[in-house]
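Just so you know, the sequences run in chain order V, A and P.
For reference, each letter of the first sequence is one residue, going 6 to 364 in my numbering.
For reference, each letter of the second sequence is one residue, going 906 to 1394 in my numbering.
For reference, each letter of the third sequence is one residue, going 12 to 165 in my numbering.
Take the hints with a grain of salt, since some may be wrong.
When the alpha-carbon atoms are kept at most 27 Å apart in a straight line, the in silico DSS-like pairs for lysine-lysine are as follows [unchecked claim]:
(1) V:85 x A:1297
(2) P:118 x P:77
(3) A:1225 x A:1261
(4) P:88 x V:85
(5) A:1305 x V:69
(6) P:88 x V:69
(7) P:32 x V:33
(8) A:1336 x P:68
(9) V:85 x A:1307
(10) A:1265 x A:1199
(11) V:273 x A:1305
(12) V:236 x A:1386
(13) A:1329 x A:1199
(14) V:85 x A:1305
(15) A:985 x A:972
(16) A:1329 x P:68
(17) A:1127 x A:1105
(18) A:1386 x V:24
(19) A:985 x A:953
(20) A:1336 x V:85
(21) A:1386 x V:7
(22) V:32 x P:32
(23) V:298 x V:159
(24) V:298 x V:173
(25) A:1073 x A:985
(26) A:1386 x V:33
(27) A:985 x A:1048
(28) P:163 x P:88
(29) V:69 x A:1307
(30) V:273 x A:1297
(31) P:32 x V:7
(32) A:1172 x A:1125
(33) P:88 x A:1336
(34) A:1307 x V:273
(35) V:32 x A:1386
(36) A:1386 x P:32
(37) P:163 x A:1336
(38) A:1307 x P:88
If you're looking for bench data, these hints aren't it; they were derived computationally from the structure.
Since we're looking at a predicted model, the values are computed, not measured.
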Amino acid sequence: MKTISNRLYAWIDERVQLKDLVAFMAKKYVPVHRGSIWYYFGGVSLFLFIIQVVTGILLLLYYKGSESLAFESVQFIMSKVTFGWLIRSIHSWTANLFILSALIHMFSVFFERAYRRPREVTWLTGMLMLFVGLGFGFSGYLLPWNELSYFATKVGTDIAGVIPVVGKPIMIFLRGETDVTGATLSRFFGFHIAVLPGIFTVLLAVHLLLVQRQGMSQPQEFEATPAENRKTMPFFPNFLLRDLLFWLIILNVLAMLAVFFPWELGRKADPFASAPAGIRPEWYFLFMFQSLKYIPARLWFIDGEIFGVLLFGAAGLLWLLVPFWDRKSSGGKRNRLITYIGLFVVVYIIIFTLLGWFL
Amino acid sequence: MRSIVCVAAVCAGVCAPTALALDKCLVCHAAVADKPSSLFARDIHHLKGISCAGCHGGDASTDDMEKAMDRGAGFIGVPKGDSVSAVCARCHSDATTMAGYQSTLPTNQYVLLQSSVHGKLSISGKERIVQCTTCHNAHGITKVTDPASPVYPVNAAATCARCHGDAKFMRLYNPSLPVDQLEKYRTSVHGAKNAAGDAKTAQCASCHGSHDILSIKDVKSKVYPTNIPTTCASCHSNAAYMASYAIPTDQFEKYAKGVHGVALLEKHDLGAPACNNCHGNHGATPPGVESISKVCGICHALNADLFSSSPHKKGFDEMKKPECETCHGNHGIVAASNVLIGNSSGSVCSRCHSEKEREKGFVAAGVMRMLIDSLQRADDRARTLVDEAEQKGMEISEAKYKLRDVRQAQLETRTIVHAFSSEKLRETTGKGFAAAAVITVEANSAIDEYFFRRIGLGAATFSITVLAVSLYLYIRRIERKQRQAEASH
Amino acid sequence: MLTMNEHISTPADGGKRDFLKYILGGSLIAWASSVLYPLFAYMRPPVQTEVEVSSVKAGKLSTFDKDSGTIVRFGNKPVILIRTSTGEFRSFSATCTHLDCTVQYRKDMGVIWCACHNGKYDLNGHNISGPPPRPLDGYRVIIQGDDIFISKQT
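Could you build all of it, start to finish, from the sequences and the hints given here?
In structure tokens form, the structure reads like this:
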């Protein structure tokens, strides 16, 4: 056994100079401290993304992306295709878990200030991947073409249309027409399986490359302790095996979710039916959706909705650019303000999501 | 000149002295022997002491014509149009006046007439279609119970037919109304008895009313479909009234409990038959039907067709049995159920078929009932399985839709039994069995899938747990070794 | 010969290591199959219930000229209906037995002809020339009044 693997290794090394890479990787270490558990969530997000790609490709074998066939093809997958129910439910559940994991990853990076110099681009690519992930969620949600997804898309693209100046063209670009129709479905399908994956892959490559090149970020307290007292563990095999263990457990959880909480089929979308009661977007958009409800219809000279959209846009932009305006952290000093801002955002999101869910 | 005539009339002594003494108008007019006065001699108003002036106004106590027929004294001449009925109503709508004559007559006739269909404007546009005198005549009015009255039951039909049998006249008002009701009526039992002089039997007014006649499309009309059963029952359920006739009086009771009665009277389904739909309106049977026993086929055409080509047709004709009624009843028709066919208690087949008598039918009945019951059980089973699969959260909409096919087959068996052929029934139930079989298979595989998923999950979880635990132990071992290696350095 | 085995395994160690490695390896294989089996089973197309068609109405007698051939849809398969010059009706499967192209009637040649590789069948469906290895399946033609029906050969 060992001789075969040795021979294989030698064969590849001859062509690719694997030895240098292996030497580099063997030196990779992971800081061990109070916040080490958060290191896993980047990998978990990656794992969930890979699951999405695999289940997504499998779904492609049977899904038909046209208005008259979409719902029926999903019904077919859920009822007639062997393990179709499993693949589809895993795909839908993983979508939600991916966003959750990405958010946890983002907040842990934020609170650990891991975005500070020299990891600004890592942060940027990560944030952009989160936005693309939300785009994945939004476009994918329409594909089963059921009542909920049809109206959720209508409302979502309506809100996009509210942005001043560029809003209407964006809305028409998204919808393919002035209304949500089969053209929207085709477009979203194209975005979901080709455009967004392409963009995401590029961002992911840059992100991973940077992480490998720069190594794991160390918290400021960790950097403060003297070198001898710093606890670390090697990436290979310790952290990787732990990572895999975590992934295994998540995979099992997904299987359980698929069996005990299968994703619903709903009713086929009917553009001429009235919106069902309790229509609302997926949970990850809920806090914004709920916030918009509380903004008064008119604020001075601005329409309430436009104000809300612009406010969230500005907040998102500030958040995106945090590595550049948080000079204190980049300079190596503790910045309590970041912690307070982060806490406020987390609490706000949680409260408004709950409000949107239960009200 | 006139006064001489009047005196002459007095001497002629045409009228009774007392009446004559009061009614000078009549004295003169009788002397010239004009039609109204000869009629009036027998008129009930005259017998009650009411003079010509009672209606025409004027002064009945004087011989002097000018004085008698003086407009100033209230003389109105010959009333025309609505004034006629107004004159009648002056007394007949006044309860006090009527009481003064010890009359027990109602006083609402005029009001009723005005809101009835006859109270509508005539084509002249100046008066109502019908006045009191149209039916009761003007001068020879007698009690309704008097055989001489035009509205005496025996005479009523002819009175109505004066207008309603006149095609030219009726065309002016309602061209769609038939004008042969009288002829048709005479073919019916009611009409025949009426012609023979029976005053108890139904005539036009019995069903349509007298003063309060409303269009048959009016919900308040006595002959509106939902009211017809009660209208007929007002005589036919009255045992005392019907005592002299040899027919039962429980038809309405039975009908009200049967399918047709419930449909019409409780659910207000105007498609359900009332008495007239089977027994005819005016004629003995509905048009185009040879006898009441064949009337069901008007609505239940397919069943009647199947029956006609079945072996029962010849048998029933020979035995002079009515076709549908024999098994289903006539008035108290019970909703059909599977029990009706077969050899069990409650089945009608055993009335004629047994193991010894007409065995072929006995056997066929048994086979047919068995098939119908089996199909019902197959339907129940399929439904239970689909429900179970649905409760378990499995996607089963196709099989659920197919359940309609089984119900459809069951409905078709209800019709095809009337061919009384077990082969034909087997064909029909076969479709239902095939559908139920497919549904059962699909539902069972959905239920199996439910368990398969959970068992599969259990197996996968087991292998993952073992893998996770062993991986964890492996990690621990590696790290232990690393710590040992570090410690030894 | 200690180069390959840097660690000299003590009996206790070896026993535990082997056991754990076996369990690890075994459960890894079990888990891998529990993941791969659904993926591959998923890719196998599910059985589609085919709607059984036993007969179709081809049309009215008058619409078919003598010495002509028409392709008629029978469920989801094509069937060719030939009316010979004597007025007789014949029907065969229109799927060529060579490589499944749809055949046609050639009036000029008086045969059923396949355009893909020049296969020829006579008016009894027998393969007479070209690559087709077997004759065409026959179908029954039933004439009811003015209507032509094609049904399966039972």
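Now the hints, each set against the structure:
1. Note on residue 85 (chain V) and residue 1297 (chain A): the hinted pairing holds, with a Cα-Cα distance of about 16 Å set against a maximum of 27 Å.
2. With a CA separation close to 10 Å, the supplied pair residue 118 (chain P) and residue 77 (chain P) stays within the 27 Å bound.
3. Under the criterion of a C-alpha separation no larger than 27 Å, the hint pairing residue 1225 (chain A) with residue 1261 (chain A) is consistent with the structure, at around 22 Å.
4. For the given pair, residue 88 (chain P) sits about 24 Å from residue 85 (chain V) by alpha-carbon distance, which is consistent with the 27 Å threshold.
5. Pair hint residue 1305 (chain A) plus residue 69 (chain V) holds up; C-alpha atoms about 24 Å apart against a cutoff of 27 Å.
6. Pair hint residue 88 (chain P) plus residue 69 (chain V) holds up; C-alpha atoms about 24 Å apart against a cutoff of 27 Å.
7. About 26 Å separates the Cα atoms of residue 32 (chain P) and residue 33 (chain V), which keeps this hinted pair within 27 Å; it holds.
8. Between the alpha carbons of residue 1336 (chain A) and residue 68 (chain P) the distance comes to roughly 22 Å, so the proposed pair stays at or under 27 Å and holds.
9. With a CA separation close to 16 Å, the supplied pair residue 85 (chain V) and residue 1307 (chain A) stays within the 27 Å bound.
10. For the hint pairing residue 1265 (chain A) with residue 1199 (chain A), the CA-to-CA distance comes to about 26 Å; that is within 27 Å, so the pair holds.
11. Our distance criterion of 27 Å between C-alpha atoms is met by residue 273 (chain V) and residue 1305 (chain A), whose separation comes to about 17 Å.
12. Restraint check for residue 236 (chain V) and residue 1386 (chain A): satisfied, since their Cα atoms lie roughly 17 Å apart, inside the 27 Å limit.
13. The suggested pairing of residue 1329 (chain A) with residue 1199 (chain A) holds, with an alpha-carbon distance near 24 Å, which does not exceed 27 Å.
14. Distance check on the hinted pair: residue 85 (chain V) and residue 1305 (chain A) sit about 15 Å apart at the alpha-carbon level, within 27 Å; holds.
15. Annotation: proposed proximity of residue 985 (chain A) to residue 972 (chain A) holds, straight-line Cα distance about 22 Å (limit 27 Å).
16. The hinted pair formed by residue 1329 (chain A) and residue 68 (chain P) meets the criterion: a straight-line CA distance of about 25 Å does not exceed 27 Å.
17. As the CA atoms of residue 1127 (chain A) and residue 1105 (chain A) are separated by approximately 18 Å, the hinted pair is consistent with the 27 Å bound.
18. The hinted pair formed by residue 1386 (chain A) and residue 24 (chain V) meets the criterion: a straight-line CA distance of about 25 Å does not exceed 27 Å.
19. For the proposed pair residue 985 (chain A) and residue 953 (chain A), the alpha carbon gap of about 24 Å is at most 27 Å, so the pair holds.
20. At roughly 25 Å between alpha-carbon atoms, residue 1336 (chain A) and residue 85 (chain V) fall within 27 Å of each other, so this suggested pair holds.
21. Distance hint between residue 1386 (chain A) and residue 7 (chain V) is fulfilled; the C-alpha atoms sit about 21 Å from each other, no more than 27 Å.
22. At roughly 26 Å between alpha-carbon atoms, residue 32 (chain V) and residue 32 (chain P) fall within 27 Å of each other, so this suggested pair holds.
23. Restraint check for residue 298 (chain V) and residue 159 (chain V): the C-alpha separation of about 17 Å stays at or below 27 Å, so the hint holds.
24. Only pairs whose Cα atoms come within 27 Å are accepted, and residue 298 (chain V) paired with residue 173 (chain V) is accepted, the gap being roughly 21 Å.
25. Between residue 1073 (chain A) and residue 985 (chain A) the alpha-carbon distance is near 23 Å, which keeps this suggested pair within the 27 Å criterion.
26. Distance hint between residue 1386 (chain A) and residue 33 (chain V) is fulfilled; the C-alpha atoms sit about 19 Å from each other, no more than 27 Å.
27. Using a Cα cut-off of 27 Å, the hinted pair residue 985 (chain A) and residue 1048 (chain A) holds, with the two alpha carbons roughly 24 Å apart.
28. Our distance criterion of 27 Å between C-alpha atoms is met by residue 163 (chain P) and residue 88 (chain P), whose separation comes to about 12 Å.
29. Annotation: proposed proximity of residue 69 (chain V) to residue 1307 (chain A) holds, straight-line Cα distance about 25 Å (limit 27 Å).
30. Of the pairs offered as hints, the one joining residue 273 (chain V) and residue 1297 (chain A) holds, with about 22 Å between alpha carbons and a cut-off of 27 Å not exceeded.
31. Note on residue 32 (chain P) and residue 7 (chain V): the hinted pairing holds, with a Cα-Cα distance of about 15 Å set against a maximum of 27 Å.
32. For a cut-off of 27 Å, the pair hint linking residue 1172 (chain A) to residue 1125 (chain A) stands: about 17 Å separates their Cα positions.
33. Pair hint residue 88 (chain P) plus residue 1336 (chain A) holds up; C-alpha atoms about 26 Å apart against a cutoff of 27 Å.
34. Taking the CA atoms of residue 1307 (chain A) and residue 273 (chain V), the gap is about 20 Å. The hint holds against a cut of 27 Å.
35. In summary, the hint linking residue 32 (chain V) to residue 1386 (chain A) is supported, as the alpha carbons are separated by about 18 Å, within the 27 Å threshold.
36. Of the pairs offered as hints, the one joining residue 1386 (chain A) and residue 32 (chain P) holds, with about 15 Å between alpha carbons and a cut-off of 27 Å not exceeded.
37. Distance check on the hinted pair: residue 163 (chain P) and residue 1336 (chain A) sit about 21 Å apart at the alpha-carbon level, within 27 Å; holds.
38. For the given pair, residue 1307 (chain A) sits about 26 Å from residue 88 (chain P) by alpha-carbon distance, which is consistent with the 27 Å threshold.
The structure fails none of the hints (numbered hints given earlier).
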